[in-house]
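Engineer: Make one complex out of these two single chains by using the hints.
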Amino acid sequence: MKQVFIGLHRAYLNELLSDLHEAGILEITNIWDAESKLCATLDEGERCPEIEKCAENIQNITSIIEVLREFREDEAGFLHLLLSPQPIRKISVDKKDLLQLCREVKEVVSEAGAATDVKRSLDALHARIAGLQEQRESIGLVMPFELDLGYFGESEFLYTVPAVIDNSGYQRFADKIDNELFDTLHISRIATGSQAVVILTTVRAEREHLDRLLQEQYIRILEIEPFAGSPQEKVDAIQSEIKALSQRELELLDELRNIDARCGEQLLRLHEELGIEKERLMTHTHFGWTHDTVVIEGWAAEKDCARLQEICDAATAGHVFYKLLDPDGTPDRVPVRYDNPGWLRPFEAVTTMFARPRYGEVDPTIFTAPILILFFALMLGDAVYGLFITIIAIVLFRGAGKVSRTVRDVSIILMTAGVATIISGILQGGYMGDFLPRFLGIAPPFVVINALEQPIEFLRIALIIGIVQINLGLFIAAYQNMRTKRYVALLKGQVSWFFLQPAAAVFLFSFFGWGTFPPLVMAVSTIAAVVGVGLILFKSGPLGFFDLTGFLGDWLSYARLLALALATGGIAMTVNILTQMVSGDNPLFLLLAAFIFIVGQTFNFVLQSLGAFIHSLRLQFVEFFGKFYTGGGREFSPFMAKREITELNGGDI
Amino acid sequence: MAMGTGTVLVVIGAGLAVGLSAIGAGIGVGIAGAAASGVTAVDKDKFGLALVFQALPQTQGIYGLLVAILLLMSTGILGGNPVDVPVSVGLAAIGVGIAVGLAGLSAIGQGIAASSSVAVAARDPEIVGKGLVFSVLPETQAIYGLLVAILLMAFSGMFTGVFTISEAVGFAAIGSGLAVGFAGLSGIGQGITAGAGIVATAQQPEVMGRALIFAVMSETFAIFGLLIAILIMFGSGLTG
Chain A
1349 MKQVFIGLHR
1359 AYLNELLSDL
1369 HEAGILEITN
1379 IWDAESKLCA
1389 TLDEGERCPE
1399 IEKCAENIQN
1409 ITSIIEVLRE
1419 FREDEAGFLH
1429 LLLSPQPIRK
1439 ISVDKKDLLQ
1449 LCREVKEVVS
1459 EAGAATDVKR
1469 SLDALHARIA
1479 GLQEQRESIG
1489 LVMPFELDLG
1499 YFGESEFLYT
1509 VPAVIDNSGY
1519 QRFADKIDNE
1529 LFDTLHISRI
1539 ATGSQAVVIL
1549 TTVRAEREHL
1559 DRLLQEQYIR
1569 ILEIEPFAGS
1579 PQEKVDAIQS
1589 EIKALSQREL
1599 ELLDELRNID
1609 ARCGEQLLRL
1619 HEELGIEKER
1629 LMTHTHFGWT
1639 HDTVVIEGWA
1649 AEKDCARLQE
1659 ICDAATAGHV
1669 FYKLLDPDGT
1679 PDRVPVRYDN
1689 PGWLRPFEAV
1699 TTMFARPRYG
1709 EVDPTIFTAP
1719 ILILFFALML
1729 GDAVYGLFIT
1739 IIAIVLFRGA
1749 GKVSRTVRDV
1759 SIILMTAGVA
1769 TIISGILQGG
1779 YMGDFLPRFL
1789 GIAPPFVVIN
1799 ALEQPIEFLR
1809 IALIIGIVQI
1819 NLGLFIAAYQ
1829 NMRTKRYVAL
1839 LKGQVSWFFL
1849 QPAAAVFLFS
1859 FFGWGTFPPL
1869 VMAVSTIAAV
1879 VGVGLILFKS
1889 GPLGFFDLTG
1899 FLGDWLSYAR
1909 LLALALATGG
1919 IAMTVNILTQ
1929 MVSGDNPLFL
1939 LLAAFIFIVG
1949 QTFNFVLQSL
1959 GAFIHSLRLQ
1969 FVEFFGKFYT
1979 GGGREFSPFM
1989 AKREITELNG
1999 GDI
Chain B
80 MAMGTGTVLV
90 VIGAGLAVGL
100 SAIGAGIGVG
110 IAGAAASGVT
120 AVDKDKFGLA
130 LVFQALPQTQ
140 GIYGLLVAIL
150 LLMSTGILGG
160 NPVDVPVSVG
170 LAAIGVGIAV
180 GLAGLSAIGQ
190 GIAASSSVAV
200 AARDPEIVGK
210 GLVFSVLPET
220 QAIYGLLVAI
230 LLMAFSGMFT
240 GVFTISEAVG
250 FAAIGSGLAV
260 GFAGLSGIGQ
270 GITAGAGIVA
280 TAQQPEVMGR
290 ALIFAVMSET
300 FAIFGLLIAI
310 LIMFGSGLTG
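Protein chains in written order, with the working numbering: chain A, 1349 to 2001; chain B, 80 to 319.
If we strip away everything but chain B, and leave its shape as in the complex, we get (with noise of 0.2 Å):
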């Protein structure tokens, strides 16, 4: 059967999916990777510690595959029969994978936070609950991503094949995608800040309640981008 082109935006999408938040992962997980390498040369013992800290910044690779097997199984491309996908729907498919994609670039600032993390962890192992805490923190905008992506999955109807939205709707899932996709780069920032707090709290371990709520100013941004994204759902008719 021939691909329709609704289909290949779908493919597209996925596309955008997997290959944005990779970038994104990759380069996380380079930079908590060179710390990584670095601990392991001071100890071969921390190899094991180190290489949780490097795992983080995959996250965001593996929501960008899990949007992507997703949308290939919407199109009965992976594990399923061909749906003749519309175009208004594979229009939401590019929304869908610029979400998750953009906002993976976060990884990059989860990165950061986990090199810090890891090197003053490696140091002291008490530090190693709070180091996860604020290497985590960056991944809240990826999660964003994925929440809108998943609900303009729901809303487009790929969870249950029933496609009743109309192209400009489908347009309009593209913006909300690029709000929280771009707003999600708000990460990096984060992660920068997240990787002083806990150098912060090494040293003195009371402030850590403060450092963490200068790491979650950088989220605000993420909201705004979340806020609109969730509006643009609303406005635009694509919740029905």
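Next up, chain A with everything else stripped away, as it sits in the complex (with noise of 0.2 Å):
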């Protein structure tokens, strides 16, 4: 990574402003932000004005764009898009500047600015529909009782009003009206299940003497609006209207598709180009300013440098100041860009996970990707579990994957792990548990080893594999602590451990009786010992007891590759035991052993697959990066046009 500074006259700004947009290799600083010694030097440069005018072209567009999304109807469906999505046909645009990109948006909003009006009408058509059927309902309550509607509200002398009260409430209702004294008070009842509809009549000046009585009894008043005729008059007079009302619907939402066709793809297209507009003008702030001069500063990798002058010298016809420096000694000022082959670069998302390598710290994700993949497949185990996953992550990279790189990603690591567990399920002899010698009497081929049957020998597999890969963790801490000469720590952290563990072995070996050993040997692993546990003490003092601990904790923490691949094992053969027990001659026994063997692998498959990843995860977190690497690198994020639907015509910059 190289600290860039770019120097030129503001009349080539915008041209330059907008390759290095396209070409997307630059990390563009605020100069203010951070501090750089230029800044005394230079002037603070002002909001462009455009901003806003950009902002404001925005923000029309994007109020039709969501009401022609709103009533869009071909929304495809969560796994139409995952299995089967439509790639994205980009829109060829030439370079423009705000006032011809404004131009286009005027003409494009007076097409469809239609739209936010045909919207409001359907919005408030809704609420019309909605309000009819609700008097539809109302009426609907009320028509046993026969009554013209006009009875209904406040005539001359009287005031009747319909409403709905709980069977239950009913005669504290009543007894209330007694005690309220309405002696004037009529009430016609009739009780459909829980409830009952209720019409009361009282005279006219006792009106707000009811409705409040009513307010406070938690009664609900049915609103009817006012009609001269018979409850069916009515009924019918609603569902004409409701009628009209759907067709005039149906005639809004061609209008809302009619603008969509016309206009749908231009929307798009202007939204996206004005947002990168607006992205370009508001770096304006970013850069330090003299009265014809801008200054540029950012972050370059090493490799685009050669392509960042060129980029330069085209844009500004050759009159820019370059500078380049190597960055100064602190690394959390320097931004992070992974540089893997493509293989790899699915991984990388696992270190993220944890954390992005901080500037000149060894990225793991080349050791990373093959132990997880060799981890997972040995804990998972089963070479028909790892079909399924293959056959997953074929489906997601031949659908998804086409339109997603993060699908994509995942697709590939799910590909690499599904094949490598149907590598290790056929040596450990695993197909959906012990399904082929139970039920079909075939014993599996080309079987190495079976966790099951020999779990010792599958333990000292995994502790093998442990002590090799805590001590890889171990070599790469003293490569970066000799690179960076820090000796001391060296001599500490790691040298001690390698002094320590073959000590350590001849001791445990000659111990539990495994081996014997010449007295030099014997006297040789003292003495190791001795300078192993005395550099750690030095390190960590007292504490260093606990460290002793944590590295014997970090190597038997691999025996979880013999736990999960027990468990995978055992539990598919506990689902085939059951199956087999269940299972007779009556062919609805059958059903239900089919049943429990199609829900029992299902489960284990989920549980095993989840299980062997994290637990490969943590391997990898604790025990493997706990030996050597911290992160907390800060992502470098370069000044690029996010374009997703449009491509500039000779946008290779």
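These aren't lab readings, by the way, just hints derived from the structure by calculation. Just so you know, even glycine gets a beta-carbon here, dropped at the ideal spot from N, CA and C. Honestly, I wouldn't trust all of these hints.
As the list claims (entries may be wrong) - Far from chain B by the CB rule (all over 12 Å, computed), these chain A residues:
no., residue
1, Leu-1470
2, Gly-1501
3, Glu-1504
4, Glu-1589
5, Gln-1802
6, Ala-1915
7, Thr-1922
What the hints assert, rightly or not - Think about it this way: if two alpha-carbon atoms lie no more than 30 Å apart in a straight line, the pair counts; the simulated DSS-like pairs of lysine-lysine are:
no., chain 1, residue 1, chain 2, residue 2
8, A, Lys-1626, A, Lys-1438
9, A, Lys-1443, A, Lys-1401
10, A, Lys-1750, B, Lys-125
11, A, Lys-1467, B, Lys-123
Stated by the list, open to error - Using C-beta positions, here's what the derived DEER-type ranges look like:
no., chain 1, residue 1, chain 2, residue 2, range
12, A, Val-1869, B, Thr-243, 49 to 59 Å
13, A, Glu-1414, B, Val-286, 56 to 66 Å
14, A, Leu-1820, B, Gly-314, 30 to 40 Å
15, B, Val-286, A, Ser-1594, 57 to 67 Å
16, A, Tyr-1835, B, Gly-240, 53 to 63 Å
17, B, Val-286, A, Pro-1890, 52 to 62 Å
Structural biologist: So this is what it looks like as structure tokens:
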């Protein structure tokens, strides 16, 4: 990574910014945030007034796009998007300035702006339909009374109101009325289920009194529009109006669809182009200014520097000064960009999940990727489960993987893990547990080790793998310390363990009687152990004891390779045993057995796949990274035009 | 065929394995499930994610079930011909059940960690992977318990059907199971630290490494238990 300073005449700024934006190889830093030494000699840039114009146009377009999107019918479902997404057809665009974009916005808004009016009409129409439906429901409730609707409401002397009341609360309501002395009140009541519809009639002067009483008792008044005629006539009128409104709704939706067909693509294109323009304009305040010149500060990958210089020269006709500096001694300031071959890139997400490497730190992805897959395969260890994962990965790769980089990366990781699990499953003889020998009487071929039958051998392999990975971590840490000339840390942090481990191995073999060693070896081992322990205690003091137990814990933690392998095979076998026990001659039992088998194996497949992945991650993050890796680097975030649906003509800058 | 004392002891071992671990898994799943319900109440689309976190502490129950099945198979009660199991092996089976059963109580800690994880993961989808890693930390104790259980079964001849250990060694196996089993309760402490660790990591992603170190400190005691369990196996002559 190189720190970049670019100085140019302000006349060339827009052209250069546009080219840098499309190239996406420079991270622009804010000179004023970075407290650059240049600040003292430069002026701050003013916020471009064009930004407001840009934002206003974006807002106009966004409101129309949202309306069109809300009523679009061909939105694909989740499964369709996952399995068979439509690749995005990019729209070719030319370089344009803001004025030209604004002109285009004006044209398209004049044609598509009607969409927001249509939306308002649709909202009003929906509200009217909902109101009518509510009316229809209310009228349906009072229909059994066979009353003319003209009686409801106030007349010259009376006030009549329909309401709904719970049967259980009716008596309390009636008593309340008696107490309130409504001597002129008339109640008609028809009970339906748990509720009753009542029609209350009183003298006009008592209206407020009655309304207050109903409110206090939480009784729902049925709102019915004034209408002179029978309930049935009103219902018929409502039906006719709803039908007419529905017809109008279809017409309005057609209108929106027509606008969408004519202007939808243009709107999206302009939205993206304006967004890019706005982002470009926003950077002006990041620069340092003089009367005629502009200074841009940023970061670029070393391999992109030559291209960056070409772009600067081309955009400014050579009227530019250009300076590259190596990062100073503060790695926190320097952004980090992964630099891995294509096949390794999907696994960068695993490293990022823990933390991005700091500048100058070893990127562990190349070590993590193969080991993660190996551990996953060992722990899942079932050829059929591996086949399932591979099939899922292929479906994802050929589906959403075509349009989404993330899905493509996940599918590649899954595919690798699936194939590795198939191989591991064959070597462990796992085919949905012991399905082959139990149900088909076939002894699995090519079996090298079976965790259930040879747990001790499997454990031995797990612990060997563990000690190898732990030492790989120590070697990487040693390499980093040597590179940065931190020899004391190297001595205490890694050399100590290189002394201690062989000595401990000799003592262990000797203690458990697995081997005998000549006195010289024992003496050398004793000295090595003393030196190793001494260095550890020198580094951590009495707490060094926990370093020793921690190391032991890290090593024994690899026993989970056996535990998970056992769990996969054992649970699958349990499902098979249960299936066998349940199955019988009766077809019903056979059906039950098939159900147990399918549900059990699916459960085991999902749970163990999840477990194998998480435990593989844990071994990387805790046991392996703990030896050499801190992470915490800042992501390189280039100034790059985000073109999702457009592509610039002649865009290979 | 009447059941011998050895077989009865193996059956008790199987009961301890599945029963004790089910207590841990049940409580752990319950703790995680309470948080999962809250998360789903706020955002029903998070149901699948919440279910994954709730399922994590189930593993201890599965280990217990696995060992119980293996024990029953070794006697022929399940899926084979009944075998005359000596009392010494029956005693070892009790040790097996205690090892995996007590260590299965670490699921309580896993439930605590998972409940914190599901809460933060629901707010920030990018934290899901880290949440899973923190949640899986307290499972180490259960793995040690399973490991000792498998070693005890292997060394006492339960996989091969060749039973040679003495009754004294069978009692030693119980000691071995107790060591790793009780030490496995450190998983509860680890779960508390891991739960706080994921919250800290959600606020400051760069502290993940340090939060992991804090969380794995509790594992030290599980390692002590495992170490003693293995030493008992070798010291008592269980390994032959």
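Engineer: Does each hint fit the structure? Answer for all of them.
Structural biologist: Hint by hint, here is what the structure shows:
1. Once the 12 Å rule is applied to beta carbons, A:Leu-1470 is consistent with being away from chain B; the minimum gap is 27 Å.
2. With a minimum CB-CB distance of about 43 Å to chain B, A:Gly-1501 clears the 12 Å threshold, and the non-interface call stands.
3. Its beta-carbon lying about 55 Å from the closest one in chain B, A:Glu-1504 satisfies the requirement of being farther than 12 Å from that chain.
4. A:Glu-1589, annotated as away from the interface, keeps every beta carbon of chain B farther than 12 Å; the closest lies near 36 Å.
5. For A:Gln-1802, the non-interface assignment is contradicted: its Cβ lies about 9 Å from the closest Cβ of chain B, within the 12 Å cut-off.
6. Residue placement check: A:Ala-1915 does not keep its beta carbon more than 12 Å from all beta carbons of chain B (closest about 6 Å).
7. Some Cβ of chain B comes within 12 Å of the Cβ of A:Thr-1922; the nearest lies about 5 Å off, and the non-interface call is violated.
8. For the hint linking A:Lys-1626 to A:Lys-1438, the alpha-carbon distance of about 21 Å falls within 30 Å, and the restraint holds.
9. Under the criterion of a C-alpha separation no larger than 30 Å, the hint pairing A:Lys-1443 with A:Lys-1401 is consistent with the structure, at around 19 Å.
10. At most 30 Å may separate the alpha-carbon atoms for a hinted pair to count; A:Lys-1750 and B:Lys-125 meet this at roughly 26 Å.
11. Note on A:Lys-1467 and B:Lys-123: the hinted pairing holds, with a Cα-Cα distance of about 29 Å set against a maximum of 30 Å.
12. Roughly 33 Å separates the CB atoms of A:Val-1869 and B:Thr-243, a value that falls outside the hinted 49 to 59 Å.
13. For the hinted restraint 56 to 66 Å between A:Glu-1414 and B:Val-286, the CB-CB distance of approximately 39 Å leaves it violated.
14. For the hinted restraint 30 to 40 Å between A:Leu-1820 and B:Gly-314, the CB-CB distance of approximately 33 Å keeps it satisfied.
15. In this structure, B:Val-286 and A:Ser-1594 meet the distance hint of 57 to 67 Å, their C-beta atoms being roughly 59 Å apart.
16. Distance hint check for A:Tyr-1835 and B:Gly-240: the Cβ-Cβ separation is about 58 Å, which falls inside the suggested range of 53 to 63 Å.
17. The given range of 52 to 62 Å is broken by B:Val-286 and A:Pro-1890, whose C-beta atoms sit roughly 26 Å from each other.
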